[in-house]
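Going line by line, the protein sequences match chains V and L. For the first sequence, the numbering used here gives the first residue as 1, with consecutive numbering after it. For the second sequence, the numbering used here gives the first residue as 1, with consecutive numbering after it.
The hints are simulated quantities; they were obtained by calculation from the structure and are not laboratory data. Glycine is no exception: its CB is placed at the ideal position from the N, C-alpha and C atoms. Careful: at least some of the hints might be erroneous.
[Said to hold, decoys possible] Straight-line distance between alpha carbons at most 25 angstroms, and here's what the computed SDA-like set of lysine to any residue pairs gives:
no. : chain 1 : residue 1 : chain 2 : residue 2
1   : L       : K76       : V       : N7
2   : V       : K5        : L       : E307
3   : V       : K5        : L       : E383
4   : L       : K422      : V       : A16
5   : L       : K116      : L       : I70
6   : V       : K5        : L       : I130
7   : V       : K5        : L       : R308
8   : L       : K116      : V       : V22
9   : V       : K5        : L       : T404
10  : L       : K272      : V       : K5
11  : V       : K5        : L       : I72
12  : L       : K2        : L       : A294
13  : V       : K5        : L       : E63
14  : L       : K76       : V       : I14
15  : V       : K5        : L       : L12
16  : L       : K210      : L       : L248
17  : L       : K76       : L       : Q60
18  : L       : K2        : V       : V22
19  : L       : K285      : L       : R389
20  : L       : K422      : V       : V18
21  : V       : K5        : V       : V18
22  : L       : K205      : L       : T218
23  : V       : K5        : L       : A416
24  : V       : K5        : L       : A420
25  : V       : K5        : L       : L303
26  : L       : K393      : V       : V18
[Claimed, not checked] Here are a few chain L residues that sit away from chain V, every Cβ distance over 10 angstroms (derived from the structure):
no. : residue
27  : F74
28  : G208
29  : E423
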Amino acid sequence: MRRTKLNRTTRLVIVAIVVMIVIPALLRIR
Amino acid sequence: MKRSHWLLILYLLLIIFPVLAAALWGSRMGNSFLWEMGRNCALTGFMLLALQAILAARFQVLERSFGFDILIRFHKHMGVLAVVLLIGHPLLLALGGGGMGLLVNLDLPWYVMAAKLGLLLLIVNVLLSIFSERIRLKFERWRLTHDLLAPAIIVLGFFHSRRVGSDLRIPIVRWYWTVMFVLVLAVFIYHRWIRPWQLSRRPWKVTGVKKEVDRVWTVTLEPPKGQRVFDYLPGQFQFITFHRGRGLPVEEHHWTISSSPARRESVASTIKELGDFTATIGQTKPGDTATVHAPFGRFSYRLRPGERELVFVAGGIGITPLIGMLRHMRDTRADLSVLLIYANRGEGDIAFRQEIDRIAEGEHPRLSVVHLLSKPGDGWSGERGRLDRDRLKRYCQDRFQGRTFYLCGPPPMIDATVTALKELGVADGRIETELFTFL
């Protein structure tokens, strides 16, 4: 069902964005 | 991989590019982790905001891959995420060494105050979008506010970041930032001004206005001279702006196409009087003109050509995409079995009743119909009550495997039916729903 897919996609995008905020920040303070 | 997957990867890459580039080529000035997080929140949050304009601009390539309703839901989710990140930006900077003055002082340089104003407007914009129904904000008013606030927020954010963002001193990030800014403003102007103007130059003509049942009207439109009706799938919808004069409102709304695409001379939408605007729909007259932007939507049996046994569940005016599909099956002599469960309040609310009966008399499709009434009159001998698990089981004769379900109606009914179907063992992939409201 498309609504389930939407929720899954939203979660995926949020996780990807959080990872891409945290990891580069860690890299830069090294 | 499907095109939608590629588009999603592209979306993520566009958003995270500035953060990645800054991490790779930016200076390491010994800032705290929180400070760096705050900066990354701004880079990502602003890119998310910028891409919002593209998500909502009704581009066919995106619409075909995801469906317009899904894109708008996603747009809303991403708006909330952007607000969270952009609120996090000053908070993390303050905690990461910038000091609380950054949050509370008002005598800061203009480019900081511009960002504060932008953030305030963004919060207002998102709250209005989430609560528009609850505070009974009229659709047109909400849309005007949204259209004014969104570009203002982007402009304020852009000038703030160009002035103060240390990562934007990296040439590739600066270029990328500027190109995205110009691109999204261009998309916005195209979507809100240029395309409507182009469409209005080729107006459609109203050829029929027919009352179906109480407060439900079918409006038929004919394309401009020399133009054919666009190709559409049964079940898709169209955006219509009626130009009727006589002091009647000019607003753009979307309605399901209830006509069959097998008949190419005209296109019809069946509209229920639900709000301020639709209350005037019966005053539309043949000869009035309209602007049409279509087709949109992914709710169609034609998108699942392998299916042979379908169950349609309609609640009230939710019949419109389903009658479009039934008419198309009839016109193309489709070899399909369809069970239609059609819920209404009273007998007088059943739209298209005779036509559905006539389709059921034929062989294409093999249609059986269950009318379910929540408030039937005394003379009603058919099914009564609300659609629940037991009724679904009975109507489907406990046979759920191999059948595909198409549900359209009020959201509470659809949600309850989806839950019931899942409990009865129907897989997610076999339930298609039309998200009825976009806001």
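Right, here's what the structure says about each hint:
1. K76/L - N7/V: Holds, at roughly 12 angstroms.
2. K5/V - E307/L: 21 angstroms, holds
3. K5/V - E383/L: 34 angstroms, violated
4. K422/L - A16/V: 29 angstroms, violated
5. K116/L - I70/L: Outside the cut-off at roughly 31 angstroms; violated.
6. K5/V - I130/L: Since the Cα atoms of K5/V and I130/L sit roughly 21 angstroms apart, the hinted pair holds (cutoff 25 angstroms).
7. K5/V - R308/L: OK: K5/V and R308/L at ~24 angstroms, within 25 angstroms.
8. K116/L - V22/V: 24 angstroms, holds
9. K5/V - T404/L: Holds. K5/V to T404/L sits at ~17 angstroms (cutoff 25 angstroms).
10. K272/L - K5/V: Distance of about 30 angstroms is beyond 25 angstroms: violated.
11. K5/V - I72/L: Holds: K5/V and I72/L sit about 14 angstroms apart, inside 25 angstroms.
12. K2/L - A294/L: The given pair, whose Cα atoms are some 24 angstroms apart, holds under the 25 angstroms limit.
13. K5/V - E63/L: Distance ~15 angstroms between K5/V and E63/L Cα, so the pair holds.
14. K76/L - I14/V: 13 angstroms, holds
15. K5/V - L12/L: Answer holds: K5/V to L12/L is near 17 angstroms, not above 25 angstroms.
16. K210/L - L248/L: 18 angstroms, holds
17. K76/L - Q60/L: 19 angstroms, holds
18. K2/L - V22/V: 29 angstroms, violated
19. K285/L - R389/L: 43 angstroms, violated
20. K422/L - V18/V: Roughly 32 angstroms between the alpha carbons, so the hint for K422/L and V18/V is violated.
21. K5/V - V18/V: 20 angstroms, holds
22. K205/L - T218/L: Status holds; Cα separation ~14 angstroms.
23. K5/V - A416/L: 18 angstroms, holds
24. K5/V - A420/L: With Cα atoms ~19 angstroms apart, K5/V and A420/L stay inside 25 angstroms; holds.
25. K5/V - L303/L: Holds, at about 17 angstroms.
26. K393/L - V18/V: 44 angstroms, violated
27. F74: 6 angstroms, violated
28. G208: Non-interface label on G208/L holds, nearest chain V Cβ at 33 angstroms vs cutoff 10 angstroms.
29. E423: 14 angstroms, holds
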